[in-house]
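Asker: Make the full structure from the sequences, and use the hints.
Residue numbers (our numbering), protein chains in the order written: chain F, 1 to 110; chain Z, 1 to 110.
Because the hints were derived from the structure by calculation, they are not lab data. No false leads were slipped in.
Stretch-level coverage of chain Z by chain F, calculated; a stretch enters the list once three of its residues show a Cβ under 8 Å from a Cβ in chain F:
{"id": "1", "segment": "11-19"}
{"id": "2", "segment": "77-85"}
Only part of the chain F face toward chain Z is listed, based on derived beta-carbon distances under 10 Å:
{"id": "3", "residue": "Trp19"}
{"id": "4", "residue": "Glu27"}
{"id": "5", "residue": "Val71"}
{"id": "6", "residue": "Ala75"}
{"id": "7", "residue": "Ser78"}
{"id": "8", "residue": "Val81"}
{"id": "9", "residue": "Leu84"}
{"id": "10", "residue": "Ala89"}
{"id": "11", "residue": "Gly90"}
{"id": "12", "residue": "Trp91"}
{"id": "13", "residue": "Asp92"}
{"id": "14", "residue": "Arg93"}
{"id": "15", "residue": "Arg94"}
{"id": "16", "residue": "Leu95"}
{"id": "17", "residue": "Glu96"}
Anything over 12 Å on all C-beta distances counts as not near chain F; from chain Z, calculated:
{"id": "18", "residue": "Ser33"}
{"id": "19", "residue": "Ile41"}
{"id": "20", "residue": "Gln44"}
The beta carbon of each residue, even a glycine, is placed where N, CA and C say it ideally should be.
Number of protein chains: 2
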Amino acid sequence: MTSSAVVQVCSALGDENRWQILRMLGERPRSASALAAELPISRQAIAQHVEVLVRAGLVERERHGREVRYVPVGAALSAAVGQLQAAAAGWDRRLEALRRRAEGSAEVSG
Amino acid sequence: MTSSAVVQVCSALGDENRWQILRMLGERPRSASALAAELPISRQAIAQHVEVLVRAGLVERERHGREVRYVPVGAALSAAVGQLQAAAAGWDRRLEALRRRAEGSAEVSG
DNA sequence: GTCACCTGCAATAGATTGATTGCATGACGA
DNA sequence: TCGTCATGCAATCAATCTATTGCAGGTGAC
Chain F
1 MTSSAVVQVC
11 SALGDENRWQ
21 ILRMLGERPR
31 SASALAAELP
41 ISRQAIAQHV
51 EVLVRAGLVE
61 RERHGREVRY
71 VPVGAALSAA
81 VGQLQAAAAG
91 WDRRLEALRR
101 RAEGSAEVSG
Chain Z
1 MTSSAVVQVC
11 SALGDENRWQ
21 ILRMLGERPR
31 SASALAAELP
41 ISRQAIAQHV
51 EVLVRAGLVE
61 RERHGREVRY
71 VPVGAALSAA
81 VGQLQAAAAG
91 WDRRLEALRR
101 RAEGSAEVSG
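Answerer: Structure follows, in structure tokens:
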């Protein structure tokens with residue numbers, strides 16, 4: 001892993017095609033070929049996007065005969081959301097303190 | 001804007017340098033020059049990262065004389081987290097249904 | 001066994017991103 | 001006014017990412 005889990009999940013979620021794929025898999029697990037039949041990009045491009053999602057832990061492979069179906073993993077997203085939430089909460093607290101200080105005195109001694 | 005707000009926030013959060021910057025700004029708002037003095041990358045690189053964060057709505061500019069201080073915006077992160085949470089919840093529900101179906105019968109008729 | 005289909009790997013081209021250097025502009029302080 | 005310091009813009013380079021094509025390997029159907 002080149003980066004922490006949250007960063008990797010965010011990076012994976014930082015692309016609209018991957019959101020689209022994730023949404024489609026959420027409706028119904030599908031193979032890369034099946035996804036390619038409904039999206040304007042090639043199967044290989046989709047395979048690469050899915051690989052990113054797999055590495056981020058957001059989807060899992062499921063073999064069905066010669067077919068590989070991809071299934072989203074809700075828990076991974078929930079976990080990432082939890083950490084983001086914690087970060088947001090921490091910042092909120094600190095930022096509130098900062099804001100109070102800023103309103104009280106714009107510039108104390110340089 | 002080239003993409004939706006959530007995607008943009010995720011994309012901005014998909015880089016460790018930007019997390020680092022965000023954390024440092026959370027501790028204490030600073031200028032790009034001040035950040036550059038504490039990070040191993042150039043001021044310009046930091047300025048570009050901060051620009052990404054500003055475009056994502058995660059930080060705001062604050063002029064103080066000839067200095068430009070950057071302040072994180074907790075609300076933006078909270079909002080994004082909220083949407084991610086909604087997505088996660090939706091998927092969780094659907095995925096639970098899928099899982100139940102999968103466990104009951106591996107492959108029903110196509 | 002053979003055919004068809006789906007997956008997987010490799011190589012490649014184009015676009016985007018991350019980081020750097022150099023210079024110009026603008027504001028504060030002496 | 002002049003010097004200093006911080007910001008801002010432009011150009012450039014390297015690395016990464018996205019998407020494509022082509023082909024080899026495997027699995028299931030007949």
